[in-house]
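Visitor: All chains, please: the whole structure from these sequences, using the hints.
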Amino acid sequence: MNQELYHPKAEQFENSPIPDMESYKALVAEFESDYEGTWAKFADEKIDWFKPYESVLDESNAPFYKWFSGGVMNVAHQCVDRHLATK
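The opening position of the sequence shown corresponds to residue 228 in this note's numbering, with each subsequent residue numbered one higher.
Derived from the structure by calculation, the hints contain no laboratory data. Take these hints with a grain of salt, some might be off.
As the list claims (entries may be wrong) - Only pairs whose alpha carbons sit at most 27 Å apart, straight line, appear in this in silico DSS-like list of lysine-lysine:
(1) 314 / 236
(2) 268 / 278
(3) 252 / 236
(4) 293 / 268
(5) 273 / 252
(6) 268 / 252
(7) 273 / 293
(8) 293 / 314
(9) 278 / 252
Said to hold, decoys possible - Using C-beta positions, here's what the derived DEER-type ranges look like:
(10) 231 / 296: 37 to 45 Å
(11) 268 / 242: 18 to 26 Å
(12) 291 / 230: 38 to 46 Å
(13) 288 / 231: 25 to 33 Å
(14) 291 / 242: 35 to 43 Å
(15) 301 / 238: 17 to 25 Å
(16) 293 / 273: 14 to 22 Å
(17) 255 / 229: 30 to 38 Å
For every residue, glycine included, the Cβ atom is placed at its ideal position computed from N, Cα and C.
Guide: And the structure:
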């Protein structure tokens, strides 16, 4: 099935972090080559940490993985508080 079912409007791409298939493929390749480093990059850029994480991924007790262990963040701050100054 190769039929395209949805055609987004051009303005939906204007502020998209992944505006085209080439960007998507580049992001996939980045994760495939270094998934921990890529997650760290996103976490450092996008999350306001109250206490920095010590490791990106702790696999010592698989399958009970720990992501960003040691790090402290506040969901309300991430979703609401930090945006108040710009609204």
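Visitor: State for each hint whether it applies.
Guide: A quick look at each hint next to the structure:
Proximity of residue 314 to residue 236 is assessed by CA-CA distance (about 26 Å); at most 27 Å being required, the pair is judged to hold. This hinted pair checks out: residue 268 and residue 278 have alpha carbons roughly 16 Å apart, not beyond 27 Å. The straight-line distance between the Cα atoms of residue 252 and residue 236 is roughly 21 Å, inside the 27 Å bound, and the hint therefore holds. With a C-alpha separation of about 17 Å, the suggested pair residue 293 and residue 268 falls inside the 27 Å cut-off, and the hint holds.
Among the hinted pairs, residue 273 with residue 252 is consistent with the structure: their alpha-carbon atoms are about 21 Å apart, no more than 27 Å. For the suggested pair residue 268 and residue 252, the alpha carbons sit about 17 Å apart, so the restraint of at most 27 Å is met. With a C-alpha separation of about 19 Å, the suggested pairing of residue 273 with residue 293 holds against the 27 Å cut-off. Straight-line distance between C-alpha atoms of residue 293 and residue 314 comes to about 34 Å, which puts the hinted pair past the 27 Å bound.
The straight-line distance between the Cα atoms of residue 278 and residue 252 is roughly 33 Å, outside the 27 Å bound, and the hint therefore fails. Between residue 231 and residue 296 the beta carbon distance is about 42 Å. The supplied range of 37 to 45 Å therefore holds. A hinted range of 18 to 26 Å for the beta carbons of residue 268 and residue 242 is consistent with their spacing of about 20 Å. At roughly 41 Å, the beta carbons of residue 291 and residue 230 sit within the given window of 38 to 46 Å.
At roughly 43 Å, the beta carbons of residue 288 and residue 231 sit outside the given window of 25 to 33 Å. At roughly 37 Å, the beta-carbon separation of residue 291 and residue 242 lies within the given 35 to 43 Å, and the hint holds. Between residue 301 and residue 238 the CB atoms are about 33 Å apart, so this pair departs from the stated range of 17 to 25 Å. Taken as a hint, the range 14 to 22 Å holds for the pair residue 293 and residue 273, whose Cβ atoms sit roughly 19 Å apart.
About 20 Å separates the C-beta atoms of residue 255 and residue 229, a value inconsistent with the hinted range of 30 to 38 Å.
The structure is inconsistent with the numbered hints 8, 9, 13, 15, 17, although it conforms to all the rest.
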